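Residues per chain are reported as follows:
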Amino acid sequence: MIKIENITKHFGRFRALNNLSIELNKGECIALIGPNGCGKTTLIKSILGMVLPELGIIKFNGKSIKNDNEYRKHIGYMPQIGRYPENMTIGQVIEMIKGIRNHTNDLDTELYEKFEIEKMLNKKMRTLSGGTTQKVSSVLAFMFQSKVFILDEPTAGLDPISSEILKNKIIDAKNKGCLILITSHLLSELDDLVTQIVFMQEGKLILHENVEILKEKTGEATIAKSIIHLLKTQRA
Amino acid sequence: MIRVLKYVALDILKNKIIIAYTIMLALFAWSAFSLEDNESKGVLTVLNIVLLTVPLVSILFSTIYIYNSSEFIELLISNPVNRGMVWKALFIGLSLSMVTAYIVGVGIPLLLFANFATAIMMVATGIMLSIIFVSVAFLCSMLTRDKAKGIGVSIMLWLYFALLFDGIVLFLFFQFADYPIEKIVVILSALSPVDLSRILILLKLDVSAMLGFSGAIFQNYFGSNWGLVLSFALLGLWIAVPFAISLRKFKKKDL
Numbered sequence: 048m049i050k051i052e053n054i055t056k057h058f059g060r061f062r063a064l065n066n067l068s069i070e071l072n073k074g075e076c077i078a079l080i081g082p083n084g085c086g087k088t089t090l091i092k093s094i095l096g097m098v099l100p101e102l103g104i105i106k107f108n109g110k111s112i113k114n115d116n117e118y119r120k121h122i123g124y125m126p127q128i129g130r131y132p133e134n135m136t137i138g139q140v141i142e143m144i145k146g147i148r149n150h151t152n153d154l155d156t157e158l159y160e161k162f163e164i165e166k167m168l169n170k171k172m173r174t175l176s177g178g179t180t181q182k183v184s185s186v187l188a189f190m191f192q193s194k195v196f197i198l199d200e201p202t203a204g205l206d207p208i209s210s211e212i213l214k215n216k217i218i219d220a221k222n223k224g225c226l227i228l229i230t231s232h233l234l235s236e237l238d239d240l241v242t243q244i245v246f247m248q249e250g251k252l253i254l255h256e257n258v259e260i261l262k263e264k265t266g267e268a269t270i271a272k273s274i275i276h277l278l279k280t281q282r283a
Numbered sequence: 027m028i029r030v031l032k033y034v035a036l037d038i039l040k041n042k043i044i045i046a047y048t049i050m051l052a053l054f055a056w057s058a059f060s061l062e063d064n065e066s067k068g069v070l071t072v073l074n075i076v077l078l079t080v081p082l083v084s085i086l087f088s089t090i091y092i093y094n095s096s097e098f099i100e101l102l103i104s105n106p107v108n109r110g111m112v113w114k115a116l117f118i119g120l121s122l123s124m125v126t127a128y129i130v131g132v133g134i135p136l137l138l139f140a141n142f143a144t145a146i147m148m149v150a151t152g153i154m155l156s157i158i159f160v161s162v163a164f165l166c167s168m169l170t171r172d173k174a175k176g177i178g179v180s181i182m183l184w185l186y187f188a189l190l191f192d193g194i195v196l197f198l199f200f201q202f203a204d205y206p207i208e209k210i211v212v213i214l215s216a217l218s219p220v221d222l223s224r225i226l227i228l229l230k231l232d233v234s235a236m237l238g239f240s241g242a243i244f245q246n247y248f249g250s251n252w253g254l255v256l257s258f259a260l261l262g263l264w265i266a267v268p269f270a271i272s273l274r275k276f277k278k279k280d281l
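Protein chains in written order, with the numbering used here: chain A, 48 to 283; chain B, 27 to 281.
These are calculated hints, taken from the structure and not from any lab test. Given the structure is predicted, the values throughout are model-derived calculations rather than measurements. Misleading hints may appear alongside valid ones.
Listed below are several chain A residues computed to face chain B (Cβ distance under 8 Å; list not exhaustive) [stated by the list, open to error]:
id: 1; residue: Val98
id: 2; residue: Leu102
id: 3; residue: Gly103
id: 4; residue: Lys106
id: 5; residue: Gly109
id: 6; residue: Lys110
id: 7; residue: Tyr124
id: 8; residue: Ile128
id: 9; residue: Tyr131
id: 10; residue: Met143
One side only, chain B facing chain A, incomplete, derived with CB under 8 Å [what the hints assert, rightly or not]:
id: 11; residue: Glu62
id: 12; residue: Ser66
id: 13; residue: Tyr93
id: 14; residue: Phe98
A virtual CB, placed ideally from N, CA and C, is assigned to each residue, including glycine.
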């Protein structure tokens, strides 16, 4: 569904992505992991066309995303730190995105209801806590029945109950056959979600493996342990 | 495009600065015309105020507005919206509000008090000036990511166009008064939108006779229909070029 071929991106002299190629397919739930500053968010932003790589091609459904914006209709994106116009209320932001996407019927309002956004519609974005902003981001990401979900640290800052609600939503989407790309540092949280692991380091792809195969290879029971096992054996 | 423009326009309207700006311009214009007994003098007073304030408010408000809209822009870009479209919608939204403020604030009293030809010229140049400085503001905000730096650059540019440039031209004029530099001065004046507007308006007033020899030359170059077309084409370039550069930069920007 998404095919990335040899992309490279520099920020000044810092190389955020280094000749990275990867293919992401439908029905997979992929965890993007790696140390801080390894280029995860840059990769995500490149897929969304917010960061423009110097080299390489990104294809969405076989079409290059360069000079295209319609493909973003199929993507629900939840940023790591949601930045919203400060003087708008939650209600106005949601209405605006609906208007801009021109998608007003058959909306998916499950998260909207479960997070009880209705009670906060008149709150200004400026006054929201980090967790509430995350809730708004997730509501917006899942509202438009997208086929691809890109979630950058989705559960960071959410309370355990909300976090559970969001996780169930992600599992639902996976079962519907959507492609889901998640970055997270909480490896334990990913265990019941993901089907594939992508490990990045210094802008390079180190590992792209099916979770079951990875566990089998390393002989460990959880993702966290198998990754640590792998890193240790690599270093040795 | 229209959908994005709608949200931009709503947001600017909510920001009450534009309304305050309109009222301020109206106060200046009405008081200038009611204090001066002669309409020509009134026009001159308004002209001086307009040539200082319109560029200042246009460039400063627009620069700050664009920097403050970074979240708004980011949010739009992550949705299926064309980048160029977002930038153009912002430009049209800001230009429209500046132009509306000018027409309501200065345009109405001008059309009521001044003679028609002068009023039309002044409204036209004022509209051009408003849009030109919005366009320059867009360029400033693309030059640097740092808000303070961006606003600094736009203030510097305003100082340069509104005050410094005039000084430089005058300095040249006096230093080389013995040489036939009138043509060069004409060309130089055309390089600053503020000076060009001032000349265009002065030529419509009786006081242009007081400009002496250079007035005659200006009349020669800018007074004819050709000169008028050329002047407005130049003002048009001042809108198109900075905006086109900023649009190219914006399309390549990492958000």
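Now the hints, each set against the structure:
Taking 8 Å as the C-beta cut-off, the interface hint given for valine 98 of chain A holds, the closest approach to chain B being about 5 Å. Annotation: interface hint on leucine 102 of chain A violated; nearest CB of chain B at approximately 14 Å, more than 8 Å. Interface restraint check: glycine 103 of chain A against chain B, minimum CB-CB distance 15 Å, threshold 8 Å, status violated. With a least beta-carbon distance of about 17 Å to chain B, the hint placing lysine 106 of chain A at the interface is violated under the 8 Å criterion.
Interface restraint check for glycine 109 of chain A: the shortest CB-CB distance to chain B comes to about 18 Å, outside 8 Å, so the restraint is violated. Look at lysine 110 of chain A: its Cβ only gets to about 14 Å from chain B, farther than 8 Å, so that hint breaks. At about 5 Å, the closest approach between the beta carbon of tyrosine 124 of chain A and any beta carbon in chain B falls short of 8 Å, and the interface hint on this residue holds. A hinted interface residue such as isoleucine 128 of chain A counts as satisfied when its beta carbon comes closer than 8 Å to some beta carbon of chain B; here the least separation is about 10 Å, so the hint is violated.
Interface hint status for tyrosine 131 of chain A: upheld, as the beta-carbon distance to the closest one in chain B is roughly 6 Å, under 8 Å. Proximity of methionine 143 of chain A to chain B holds as hinted, the smallest CB-CB distance being about 5 Å (cut-off 8 Å). Hint on glutamate 62 of chain B is violated. Least Cβ distance to chain A is approximately 41 Å, over the 8 Å limit. At a threshold of 8 Å, the smallest CB-CB gap from serine 66 of chain B to chain A is about 45 Å, leaving the interface hint violated.
The beta carbon of tyrosine 93 of chain B is not positioned within 8 Å of any beta carbon in chain A (closest approach about 13 Å), and the interface hint is therefore violated. At a threshold of 8 Å, the smallest CB-CB gap from phenylalanine 98 of chain B to chain A is about 4 Å, leaving the interface hint in force.
Hints 2, 3, 4, 5, 6, 8, 11, 12, 13 from the list above are not met by this structure, while the remaining hints are.
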